[in-house]
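Read top to bottom, the protein sequences are chains A and B. Per the working numbering, the first sequence starts with residue 7, numbered consecutively. Per the working numbering, the second sequence starts with residue 4, numbered consecutively.
By construction, these hints were calculated from the structure, which means they are not laboratory data. Fair warning: there could be bad hints in the mix.
Distance condition first, Cα-Cα at most 30 Å in a straight line; then the derived DSS-like pairs of lysine-lysine [unchecked claim]: (1) A:Lys660 to A:Lys792; (2) B:Lys157 to A:Lys658; (3) B:Lys150 to A:Lys660; (4) A:Lys111 to A:Lys219; (5) A:Lys404 to A:Lys310; (6) A:Lys660 to B:Lys157; (7) A:Lys310 to A:Lys453; (8) A:Lys111 to A:Lys70; (9) A:Lys70 to B:Lys133; (10) B:Lys150 to A:Lys433; (11) A:Lys170 to A:Lys306; (12) A:Lys660 to B:Lys6; (13) A:Lys453 to B:Lys133; (14) B:Lys133 to A:Lys658; (15) A:Lys453 to A:Lys658.
Chain A stretches covered by chain B per the calculated footprint, using a threshold of three residues with CB under 8 Å from any CB of chain B [unchecked claim]: (16) 287-298; (17) 461-468; (18) 592-598; (19) 636-646; (20) 684-694.
The structure presented is a predicted model; accordingly, all values stated were derived computationally and were not measured. We treat Cβ as the ideally placed atom computed from N, Cα and C, and that holds for glycine.
Below, each chain spelled out in residue letters.
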Amino acid sequence: MSATTTGNGTYVGQSLRRKEDPRLITGQGSYVDDVNLPGQLWAAWVRSPEAHAKITSIDTSAAKERPGVVAVYTNADLDMEAGLPMAWVPPGVEVNTPDHWVLAKDAVKHVGDPVALVVGTSRYSVVDAAEDVIVEYDPLPVVTDPEAAIAGGPFVHEQFGTNKVCDWSLGGGDLEKGFAEADVILERRIVNHRMAGAAIEPRGVLAQHRAGKLTVWSSTQVPHFLRLFLTILLGIPEDRVRVIAPEVGGGFGSKLNIYAEEVGCAWASIKLRRPVKWIETRSEGMMVTHHGRDQINYVKIGAKRDGTLTAWHTRILADLGAYQMLLTPLIPPLSAFVMSGVYNTPAVQTDVTGVMTNKFATDAIRGAGRPEATHTIEVMMDQLAQELGMDGLELRRKNFIPPFENGHETAMGIVYDSGNYVAALDKLLEHIDPAEVRQEAEGLREKGVYRGIGFSTYTEICGNAPSRAVGPSAFGLQGGGWESATVRVHASGSVTLYTGTSPHGQGHETGFAQIVADRLGIDPSMVEVIHGDTDTGPWGLDTYGSRSLAVGGEAAARTAKKVADKATQIVAHQLEAAPEDIELRDGKWSVRGSPDRGMTLAEVAGAAYIPENLPEGMEPGLDEQTFYDPENFVFPFGAHACVVDIDAETGKVKVVRWVAVDDCGPAINPLLIDGQVHGGITHGIGQALYERIEYDESGQLVTGTFVDYALPTAAELPSYETDRTETRSPVNTLGVKGVGEAGTIAATPAVLNAVLDALRPLGVTYIDMPLSPMRIWEAIQDAKGKAGAPA
Amino acid sequence: MSKTVPVRLQVNGVEHAIDVEPRLLLVHAIRENLGLTGTHVGCDTSNCGACTVHLDGRAVKSCTVLAVQADGASVTTIEGMGTEDDLHPLQEAFWNDHGLQCGYCTPGMIMAAAGLLADNPNPTEAEVRKGLEGNLCRCTGYHNIVKAVLDASKSKGATVGQSEVTA
């Protein structure tokens, strides 16, 4: 990119390489652990080895005597009036929400529950000292199975007399009529197992209270939320709290929370009048960075013999773990919003029950409710196709919502913004021919290799969110969904954009700069994008739920337009022309038809800051701000195909081909879209084949490190084939939808459908994820046994 | 705290003499004693490879090496590969191909890739995938990382770090 101001308004749509990268590829990025302060102390946490127990005594004396130890705190030392927050209060729904203290009070409820906080002078010595804290526990009965937990005791929190957190429902259409009209009714129990976000940068926090101001660096997706809750929990005015999310090494939802370690380190830094730093180890992270999924879907669908869907009922049992964290109980309800999928089902009902167990909390992990819904829908579409003896894609086509440009209301009353599902599927089939794959499969079978192809046609809900739809009196989130942007044109003509979103790898600094540059006639290299620091810009609502571009990018676009509008007024005044005759072309505002006389942004800024000749009544300066609250969510969609090879001897699955067609509206930067899709698919393949958070019956975490929690590596994966269709969203002026989670949402059913397609000749009809070699081998043996059994 | 031990390291061509606890990990010596924070830590079990550096020209996971074991050795970190004004071909390729998102695994990934190309200057896609098996990335799905390494292998000077050239 050149540094000249000759923008032609054409940067949007280009695959510009990222502005973020030079610092990151040379080791110059500053993540939390790269920030150190004079006088800094280190924190370590004493964590429960028990899944459920009374704390009978805590002896900190030996730890306190260790050289370098400055303080050891337990719950008795905490002077906070409230525990960690939960932000969902749905009207008319009771949500059993236990207190969740920064340090466990009287009892521990999951392995890893923090019991004491050790603060000292060195990173290694505080870990030694934590080993010296002696805690005595009186074990209590443990429940880890959600079906057992909902059926009765033992109770995770005795005071509720139940493990149920809440019941919540969303539905529309006449379900009874739909099932009565059905020729075929199909029921399945589909398990969507627990998984981790597993960002490669562990969480970390550094807190300093100095000169009456609390500054907290945290590896968080939500610096603005964190500042608000630090204010509430620690009683410090919000203007005296600054939260900085520096370079953040991935989040995937797992850093969308208010964690005990953040509040605890901030609290200790105030008590000790010294900076306190904590960096999570991976083993801690697997225990106490929130998990995701862990739903069982009991699904019942009805269809006519010709494949027409008549009714769809899903009962979701969601294992929420031991505590309700920031959004824990509201994630499973998000599944309900897209339970119609891309289909015109006349009656759809989803009933969600949240249940507590002695595991760590679940909360948002990439997709947050929509992967679970899409998995159930798309797996069921293939199961139904089998039942009806129909081709799965024909069944999908039969039920697709026809193309629409401006609103389609589903049976549940959710209004999708725009969609053209058949176009995405058609485009997918330009790249991959299922008949060809099936022919290849014939040839491979004699070698003991079973090849299968699986599809997933999806839509999802993102662009959080219209405040009226999600807020306290509607869905019950105790917050809004808007986003802010400030554009500051400096006197010399370069620009700073402050966004309230808080990226952690998505590429906002590049994509948002492209949007602003086009509107101001400058090169994107002239636009610095500032994010993740609550002291630099206005309040914002941070980054999660594929919201940043559709809400934050739109806020940036609208703000840049306000600047351009003011520039137009200034130029018209200076050139003695009418504002409506001024146009921006080749980096200059000039009178239409007279491109020779014109002003660059730098010249306009000069006129605005040395205001000798501004229009009557105009304020000097060239800064604008927008708070943008969207009218609706956005609903990206697409079609994915997965080809797998299965070794029938070992049960091992290999993904050999992946074709993805996604529609997130007009591309701002195709390079970034592809990157999001690649990563998203991989997250889904990981869940489908390799990853699983597993607790044993006593509540011990079996998958507590990267040795036993298997993230996919480069060696297991193919290169991906990606393409796009572009359907504008009518919701925002950019026409864009989100794409951060789409790949993950689409992926798991494509893998499962491919595996089932491969194994069909062997008589296997259904298996739950994760599709481990053992599970597949067992399914093959079971099917063989059944086939060989006497009739 | 235990007694300290003197350790000499040549890092990115610069000699350092430091006193360390015997249990200090090389990655912490690099990050905290020498202030080179481009090398990252992502796990406790040597699975993720975010801490990959070159030790006497071989890619190693610096969370699995004690600083005292590296006494007298030459170390190359991401900071020794290239600067923003003079990028190493692998750095350039990661940038061109969008081979990074959050950037946390990237320094280790680049160092591992440099080690891979030193052993096998013209790898196939399958060899790149196999060769990077010890480095985890959660953002990119590896697609663009693999592309970047293949592209870098076609450019001159992709096999060694710059400090090793000048040293």
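Now for the hints, and whether the structure bears them out:
no. : hint                 : in the structure
1   : A:Lys660 to A:Lys792 : holds, 26 Å
2   : B:Lys157 to A:Lys658 : violated, 34 Å
3   : B:Lys150 to A:Lys660 : holds, 20 Å
4   : A:Lys111 to A:Lys219 : holds, 29 Å
5   : A:Lys404 to A:Lys310 : holds, 11 Å
6   : A:Lys660 to B:Lys157 : holds, 29 Å
7   : A:Lys310 to A:Lys453 : violated, 39 Å
8   : A:Lys111 to A:Lys70  : holds, 20 Å
9   : A:Lys70 to B:Lys133  : violated, 48 Å
10  : B:Lys150 to A:Lys433 : holds, 24 Å
11  : A:Lys170 to A:Lys306 : holds, 23 Å
12  : A:Lys660 to B:Lys6   : violated, 51 Å
13  : A:Lys453 to B:Lys133 : holds, 24 Å
14  : B:Lys133 to A:Lys658 : holds, 17 Å
15  : A:Lys453 to A:Lys658 : holds, 14 Å
16  : 287-298              : holds (count 3)
17  : 461-468              : violated (count 0)
18  : 592-598              : violated (count 0)
19  : 636-646              : violated (count 0)
20  : 684-694              : holds (count 6)
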